[in-house]
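K.L.:
So the protein lines, in turn, are chains F and U.
Using the working numbering, the letters of the first sequence map in sequence onto residues 1 to 287.
Using the working numbering, the letters of the second sequence map in sequence onto residues 1 to 333.
In case anyone wonders, no lab produced these hints; they're calculated from the structure.
For every residue, glycine included, the Cβ atom is placed at its ideal position computed from N, Cα and C.
Some hints could be false.
[Claimed, not checked] Selected chain U positions facing chain F (in silico; Cβ < 7 Å):
(1) Pro71
(2) Pro79
(3) Ile86
(4) Gln172
(5) Ala285
Residues per chain, in single letters:
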Amino acid sequence: MRLLAAELIESLEFLPGQWLQTYHAPALAAGAQAGQFVHVRTPDYSGLVLRRPFSINTVDRVGGRITIHFRVTGAGTASLARMQPTQQVEMLGPLGCGFEVDPRSRHLLLVAGGLGMAGVRALVDEALAANRDVVMLFGAASAMEVYPSNLLPDEVEYVVATDDGSFGHHGRVTELVPRFEAWADQCFACGPLPMLAAMAHQAAGRQARLGVASLGARRGCGSKAPPLGSRLARRRAWLQVSMEQNMGCAVGACLGCVIMGVKGPQRVCREGPVFAANEIAWEARWP
Amino acid sequence: MAVEVVGAGQQAGVEVDLAVDLGRGLVLRNPLLVASGTFGYGIEYGEVVDVQRLGAICSKGTTLRPRVGNPPPRVTETPAGMLNSIGLQNPGVDAVLDKYAATWARWQVPVIVNVAGESVDDYVEVARRLDGHPGVAGIELNISCPNVGAGGLQFALDAGAAGGVTAAVRKQTDLPLMVKLSPAATDVRGIAKAIADAGADAISAVNTLPGMAIDRARRKPLLGNVYGGLSGPALKPIALRVVYEVAQVVKIPIVGIGGVGSLDDVLDFLMAGACAVQVGTAVFADPVLPVRLVDELAAWCTANGLGSHLELVGVALPERRDKPSVKGGEYRP
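Turn these sequences into a full structure, and let the hints steer you where they fit.
P.N.:
Have a look at this one:
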């Protein structure tokens, strides 16, 4: 975790209201992992008191660059979108726990809903660099909001679903998951909460449906299941999800971004944003 | 030719002493504290902030038993401020001491444990467990948290209750005791006086002010707990007013809190009668701000020929320091 100035190199409104910005931040790029995020102090913060968290969208270690992907939703993102190249913003990062890919996984299924693409996009590059096969399922409201395929590497199999049927599969992106659940060794998802909850529900029944063994120690080898929430347990989980919540400090101090896990409250900024699906209490009841 | 640049009014060789005494032996090296709830237990920002340079750290609110806190969303930005409704999530006093006290004991920077409770007995029991524990430099009594059902804020709205809980905790501990006021009280002066009379060593003012926000898309209250506490620059004029009023009725040190985000804000609180300030919400945007303010305050004192920032404390107060302010008397909230 570092506090540093990042210089804007390129700013592109690639979809209406959605921006892709490239920043020069070598120290950040050097240590960033897919699934981690940065906490950005917007350039014009008159009247704004909080930083804005963004998933690290892509990492270019050689060039010392990272990109972020966001939709303009308020004053903070609007001021970011107005920035010109060579302007600087202050970033805190890389923050949080990223995706844990099992070394044995060959086939990765990535599922993104809308802006959730920002959460899983970096994993595409990491997985391809490690010679893994990647299928990316993407869901949006309509063709107008579909993430352009030219922003993804050619090696990725890209399957799109739209709610109104204007592009690709007519329906929800989660309806595409069963087609790939036997193929995929692991699945990584980011998107709206109902989508993630539906996927967690699907994933819970996957083993029974397919009759396959989960990744992990063979029975009789003597090793116990790793504790829930540990890196090893996450690595062995079939489904990992990147969660979102309003955030204050982003370093675990303020407890503003807490969600309910099966083992009690979890900080999205510290224990997350990536969790194994079975760590989350999807039908959370707060006492 | 080398010219030594000396600022206007600067006296060569004047050492600025920023130390401030909060009573009962709690002497801070400088008057910049970090406010409870914004800095966790002091370790979270350790990678980016040199915490040893702070005047003191006020810990996250700590209760007798563990609390899971309120449902999310818990924070949201508002015009020139933010709302939070964490709901005092914490692992309980024993777990806090187990986990952090050893680290605190090794630190130069004093850690003041913020204590919250639902009843007088709760406060007393937490104080008893903190008393004499290595690493605990003092107690900040949080009688003004707006985000919990029972207890919490009620203690801060009534002089009798505020004095009662302060006296009960005072009996239990010799630790330096600071009591945190609420800006929601109709007249803070009576409450501050009761707290001082009950044996508090210092007063911190103020906690957050209850507020709410609406999620227009969902057509529902935005925060999971409906209500949250307002903090940030929006709160500063209110906090300043409370400090100004309290400074005229008590003689114990006052620590100003509410929207401190620049040296100007620090100076305002000092002039209104606070001898130290806590930085809260501004830490989220700029974690190194409190440490930077220490340097800025020292430089300002040097430039203005002050040997200590304490020379500034209360200079804006009416001259009759022992009598209530005429302006304050006219003020009817």
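K.L.:
Output the numbers, in ascending order, of every earlier hint that fails for this structure.
P.N.:
Structure breaks hint 4 only.
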